[in-house]
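Given the sequences, and given the hints that come with them, work out the whole structure.
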Amino acid sequence: MALKRKACPTGARLCAKGVPGDENAIAEAVGKLLSELGGPGPEFSLEGAKQAALRLIQGFIFVTEEQAIGQIVGVAATSAVQAVRAAGPYGVLQELWISRDFRSSDHGRHLLEAVHSEAKRRGRQMIEVALPPEGYPALQRVRRFYEERGYRVGGLRARKRP
Numbered sequence: 002m003a004l005k006r007k008a009c010p011t012g013a014r015l016c017a018k019g020v021p022g023d024e025n026a027i028a029e030a031v032g033k034l035l036s037e038l039g040g041p042g043p044e045f046s047l048e049g050a051k052q053a054a055l056r057l058i059q060g061f062i063f064v065t066e067e068q069a070i071g072q073i074v075g076v077a078a079t080s081a082v083q084a085v086r087a088a089g090p091y092g093v094l095q096e097l098w099i100s101r102d103f104r105s106s107d108h109g110r111h112l113l114e115a116v117h118s119e120a121k122r123r124g125r126q127m128i129e130v131a132l133p134p135e136g137y138p139a140l141q142r143v144r145r146f147y148e149e150r151g152y153r154v155g156g157l158r159a160r161k162r163p
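Terminal number for the sequence shown in this note's numbering: 163, no gaps in between.
Please note that a few of the clues may not be correct.
As the list claims (entries may be wrong) - Taking lysine to any residue pairs in the SDA-like style, the calculated list, with each CA pair at most 25 Å apart, reads: (1) K161 <-> V93; (2) K33 <-> D102; (3) K121 <-> L55; (4) K161 <-> E48; (5) K33 <-> K121; (6) K33 <-> A88; (7) K33 <-> P133; (8) K161 <-> A26; (9) K161 <-> E96; (10) K33 <-> V130; (11) K51 <-> E29; (12) K33 <-> A131; (13) K161 <-> V130; (14) K51 <-> G40; (15) K161 <-> Q95; (16) K161 <-> G39; (17) K18 <-> I128; (18) K18 <-> P43; (19) K121 <-> E29; (20) K51 <-> I128; (21) K51 <-> R104; (22) K18 <-> S100; (23) K161 <-> P41; (24) K51 <-> V130.
Just so you know, the hints here were simulated from the structure itself, not pulled from any lab data.
Shown next, in the form of structure tokens:
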């Protein structure tokens, strides 16, 4: 049974803000994304991801649902951060995942448009995204996807677990 959804700001037919009840599908989608990127790392747990998704649903997470099958086939989760270099708050696109069967079907474009609209509505100065690491098979395709939507590569990011 499909859940009632509020339409995304872009008016995209299949794109909407996540709602309570989506957290399982969102957590599973992020697990698939991490697997594609060579993970998940030791900090990932399905239960923890479900709880994080539920918290993000209250704010800045969007999903695409393929109505014909009644399943979520795409997720975009964004967090807000503050930085002096950005002169205030901006968004970090933490996860953008589209099911393999639905890539190249505009779901990603609709999700990103929804993220941009929501960021503008909230007064975010910019949206930042980390690209997959070198060696990722579809790196050039992913990079082109973002560049075609106005993103510019700004350098590498490093990570350390405490």
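How the hints compare with the structure:
1. Between K161 and V93 the alpha-carbon distance is near 18 Å, which keeps this suggested pair within the 25 Å criterion.
2. Taken as a hint, the K33 and D102 pair is honoured in the structure, with Cα atoms around 13 Å apart against an allowance of 25 Å.
3. A threshold of 25 Å between alpha carbons decides the hint, and for K121 with L55 the separation of about 23 Å falls inside it, so the pair holds.
4. Distance restraint check for K161 and E48: the Cα-Cα separation of roughly 23 Å lies within the 25 Å cut-off, and the hinted pair is therefore satisfied.
5. Distance hint between K33 and K121 is unfulfilled; the C-alpha atoms sit about 29 Å from each other, more than 25 Å.
6. Between K33 and A88 the CA atoms are separated by roughly 35 Å; this puts the pair beyond 25 Å, and the hint is violated.
7. At roughly 14 Å between alpha-carbon atoms, K33 and P133 fall within 25 Å of each other, so this suggested pair holds.
8. Distance restraint check for K161 and A26: the Cα-Cα separation of roughly 28 Å exceeds the 25 Å cut-off, and the hinted pair is therefore not satisfied.
9. For the given pair, K161 sits about 19 Å from E96 by alpha-carbon distance, which is consistent with the 25 Å threshold.
10. In summary, the hint linking K33 to V130 is supported, as the alpha carbons are separated by about 18 Å, within the 25 Å threshold.
11. The suggested pairing of K51 with E29 holds, with an alpha-carbon distance near 8 Å, which does not exceed 25 Å.
12. Proximity of K33 to A131 is assessed by CA-CA distance (about 17 Å); at most 25 Å being required, the pair is judged to hold.
13. Proposed proximity of K161 and V130 is supported: the alpha carbons are some 18 Å apart, at most 25 Å.
14. Taking the CA atoms of K51 and G40, the gap is about 17 Å. The hint holds against a cut of 25 Å.
15. Taking the CA atoms of K161 and Q95, the gap is about 17 Å. The hint holds against a cut of 25 Å.
16. As the CA atoms of K161 and G39 are separated by approximately 17 Å, the hinted pair is consistent with the 25 Å bound.
17. With a C-alpha separation of about 18 Å, the suggested pair K18 and I128 falls inside the 25 Å cut-off, and the hint holds.
18. Distance restraint check for K18 and P43: the Cα-Cα separation of roughly 29 Å exceeds the 25 Å cut-off, and the hinted pair is therefore not satisfied.
19. The hinted pair formed by K121 and E29 fails the criterion: a straight-line CA distance of about 28 Å is larger than 25 Å.
20. For the given pair, K51 sits about 24 Å from I128 by alpha-carbon distance, which is consistent with the 25 Å threshold.
21. A hinted pair counts as satisfied when its Cα atoms are at most 25 Å apart, and K51 with R104 qualifies at roughly 24 Å.
22. At roughly 18 Å between alpha-carbon atoms, K18 and S100 fall within 25 Å of each other, so this suggested pair holds.
23. For the hint pairing K161 with P41, the CA-to-CA distance comes to about 15 Å; that is within 25 Å, so the pair holds.
24. A threshold of 25 Å between alpha carbons decides the hint, and for K51 with V130 the separation of about 22 Å falls inside it, so the pair holds.
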